[in-house]
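Once you have looked at the hints, place chain P with the ligands on chain W.
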Amino acid sequence: MAEYKRPETPQEYQRNFPPKKPLMNTSEAYYESARCLYCYDAPCMTACPTHIDIPLFIKQINTGNVKGAAATIYDSNWLGNACGKVCPTEQLCEGSCVYTEQDMKPLQIGRLQNFATEAVMQAKTPLFKPGPDNGRRVAIVGAGPAGIACACELRVLGYSVEIFEAKALPTGLTVYGTAPYKITNEEALRENEYLQQQLGYTVHYNQPIQNAAQFAELEKQFDAVFLGLGLGATAQLNIPGEELPGVVGAVEFVEELRMKQHAFQVPERVVVIGGGNTAVDAASESARMGAQSVHLVYRRTKADMGAYDFEYATALAAGVQGVFEASPLRIEGENKASGVTFSRPDGSEFHLPADLVIKGTGQAKQGALLAHLPNISTDAKGRVVVDAAYQTSRPGYFAAGDMVNGGAEVVNAAYEGKLAAQGIHQWIQNKNA
Amino acid sequence: MSNIDLSINFAGIKAPNPFWLASAPPTNTGYQIMKAFEAGWGGAVWKTLGVPVQNVSSRYGSINYRDTRMAGLNNIELITDRPLADNLREIEEVKKYFPNHAVIASLMVESKKEWFQIVKDVENAGADGIELNFGCPHGMCERGMGSAVGQEPEVLNTIVQWVMEAATVPVITKLTPNISDITDPALAAVRGGTSALSLINTIKSIVGIDLDTYAPYPVVDGKGTNGGYCGPAVKPIALHMLKELAGHPEIRNTPISGIGGIETWRDVVEFILLGATSVQVCTAVMHYGFGIVREMEAGLRQFMSDKGYSTIYDFAGKAVPNVVEWKNLNLHYKVVASINADKCIGCQLCHIACDDGAHQAIALPTNGSRVPEIIDENCVGCNLCSLVCPVEECITMERRDDGSQTESWAERTMAGKVPEHFNDPRGGGVGHFVPEPSAALQYKRKDRSGRK
Ligand SMILES: Cc1cc2nc3c(=O)[nH]c(=O)nc-3n(C[C@H](O)[C@H](O)[C@H](O)COP(=O)(O)OP(=O)(O)OC[C@H]3O[C@@H](n4cnc5c(N)ncnc54)[C@H](O)[C@@H]3O)c2cc1C
Ligand SMILES: Cc1cc2nc3c(=O)[nH]c(=O)nc-3n(C[C@H](O)[C@H](O)[C@H](O)COP(=O)(O)O)c2cc1C
Ligand code: SF4
Ligand code: SF4
Ligand code: SF4
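Heads up: the protein sequence lines correspond to chains W and P, in order. Under the numbering used here, the residue at position 134 of the first sequence is numbered 134, and the numbers go up by one with no gaps. Under the numbering used here, the residue at position 307 of the second sequence is numbered 740, and the numbers go up by one with no gaps.
If you are wondering where the hints come from, they were derived from the structure by calculation, not from laboratory data. One or more hints might be untrue.
[As the list claims (entries may be wrong)] The list that follows gives simulated cross-link-like pairs (lysine-lysine, DSSO-like), each with its CA atoms no further than 30 Å apart:
#	chain 1	residue 1	chain 2	residue 2
1	W	Lys67	P	Lys879
2	P	Lys877	W	Lys67
3	P	Lys528	P	Lys468
4	P	Lys767	P	Lys740
Please read all numbers here as calculations on a predicted model, not as lab measurements.
So that you can see chain W by itself, here it is in the shape it has in the complex (with noise of 0.2 Å):
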């Protein structure tokens, strides 16, 4: 156990979080650009959630065309660097690879759009431009995925764009929440700056919108107003001992994580409760951090897993040990979390002793918010309602992201982001017809 030093430098940080897709060089990518078969209807484009002409800018890098290559994939994903970064590929498009049905190497498609945006990023190369002033305006709530995609396309379309973001850093939790060793802090903002320079949508940092008057003021301003909140805290496991010190949500647990770097202090022995991607990826991360002992408790077995198999695999390679079919009683401890107890499919239990307890189970809704929004109807599992405009069910507001999907991935963020921005474009357009 313990296969990672806890890290004192940054510098150290960075050895225990190596990039899972590095930038290729101009070597890599030609000679695996070559490799692409330029299917037709290519499968791999069905599964990118923004479908991506995948086969199209590949062979473009191909062809020298880096540049036409970056235009391929931002004309369809907003996010298309982050994207190539963070997003499980493994079960998009690369999963969908052709050569993956006899059992060879799919492309590298992830890798190839990181080598393609950052090409264009690192030159500043433009590649976008606002479309004429339509006079309108829209208000953006969260500069997350969601948000950024939707006021690039808005940008484009005409209209004048103003985000307001509760926190201090654009690109919501593809800064706070994804795992490190997928795209660092400094990628994750610079490709908001590379879109923000050029299309030129104004954000407003550390200003929630959280009552009912800031949203009637926003009624007053804007013509249209879009909600990208994405989901909440870590959700209540509701059992004793979970208000203790040393008792921390897993997405707090990352943010903490990710803002402080090689600062944040992960104790020795880490208990996570939990069994999809956030709980894994705190497992692997304090693993990471150089914690002696990790265990990730999950109250059903391996295969009901909501994590991926590959990120489950990434965990136990750092050194994360699987504790299955084990439900968490109680938290133990006196001033401060010393251990858990599980209970066993049959009846029997046990104890783990823990300095540090990480609550992977899941971010709550934004009920709490939208109470100040009568009318935005949601579902059964708090999701909001919208239609295939992505407008909700209180007319001028649109949504899209986590809050509308329940929670899925940067990459579908960032699509219907967009599509939200192109039917606000139809709603406003009809309204002044």
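For chain P with the ligands alone, coordinates are given in the frame of chain W:
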């Protein structure tokens, strides 16, 4: 492996095997040639000796195909730029170390006097044979040599006669492919008394244009010139010309050394099957070094052992009778494509190749899989799908006629069965499916941005 003897006697030139280096940069020096012999080559045609020249800097350009470097190579280099005396001294030295390997001197000069002198010089140095370079398509031809000779059968014939008069060792005439009928210069050489032929030299070419300087590759200070093209890309042209000679009644008894795009044992075997009894290689060595011969030799030996041949003469020319005129092909032979669904990876390249580029005979699946379906009635048996399919042995062409009937166009027309209309069933195209033009309109190009 059984008793395989790779040694050859090529028009009197003996060599331990048929693998020779073509006259080119790999045969510039005695050092290279001895290194090659150590590596397993059986002979070498020395880099062309002749009049003094001056080379330019920046000499080669190439074609990269996808991830393949140098699928074709182009050069604007001239004949040797080393002093004749140095070359002669090194020929002598190589022969001392390797008396049983073939060392052939490639020559290119102008006047009869010069030809006589240089033939004597190389014979005195110990060359086992002479090759006349009538092929170089750049630079030298501007000075009336190389392909300028190769393209003028009468001039070529005269020079061959001069050389035959002077030479006591066998003489190989190397032909240029930059001509419409390769049998013209070949006949001129044979009638001039040449002991053997070799082909092809390089093909006049421009391999590409630099998109910043707008000059052809290789760029020499903002300008370029046509070069000579060689490497894997030229093999089909070489094979065709080889067959033209090997099948020609007046030429076929003259030994031919095959050159052009040879890199693997398969290439070697193909050249021999079309009548070559030695092969010469340049680009493959310029790409991979002399060690490339290991694969050629091992493969040739394997082939011979599998087929039970003990010398290359056992199968030399075996494919020549099978290259016939189109009019002699069997019109009743019928193949239809067949997809092995277990191997198919669903790229659907076969579908789009056939739909857009052939005969609309491959339908997309309707059962939710990605394996396309051949529409037997529509398939004309063109092979295209089997050529584009990226999976080994996935699409095969299955024979559908029972082999009982043969009738060629020649036979048919001789019997007076010439089709008179396109809808004459004897024309063959009747009943073949053709979609309505308007059916194309369902395929709209999509705007990926989704913007209306
Ligand atoms: C631990 C973790 C790991 C993940 N790893 C991956 C991964 O590897 N790959 C992947 O593709 N996806 C991953 N995801 C999911 C992905 O990050 C989300 O699906 C995506 O970020 C959703 O985008 P969004 O815009 O809908 O919401 P968010 O990214 O959550 O953005 C919402 C934004 O709204 C702001 N906001 C919220 N409330 C208010 C308010 N009242 N006023 C103003 N602003 C507000 C928030 O501060 C935030 O910036 C991960 C998620 C988590 C939690
Ligand atoms: C750089 C270069 C220089 C060459 N120089 C000569 C030459 O001096 N004399 C000659 O007969 N052929 C010359 N050739 C032609 C080769 O001998 C050979 O005919 C041709 O390259 C085709 O063979 P390949 O496809 O194996 O390269 C040259 C070819 C190259 C690439
Ligand atoms: S499925 Fe694979 S090979 Fe086919 S187009 Fe997509 S990336 Fe290329
Ligand atoms: S080309 Fe081959 S692999 Fe591709 S769909 Fe057709 S049969 Fe299948
Ligand atoms: S052989 Fe030719 S016509 Fe027949 S299915 Fe293949 S591509 Fe189409």
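The hints, checked one at a time:
no., hint, in the structure
1, W:Lys67 x P:Lys879, "21 Å, holds"
2, P:Lys877 x W:Lys67, "26 Å, holds"
3, P:Lys528 x P:Lys468, "13 Å, holds"
4, P:Lys767 x P:Lys740, "28 Å, holds"
No hint from the list above goes unmet by this structure.
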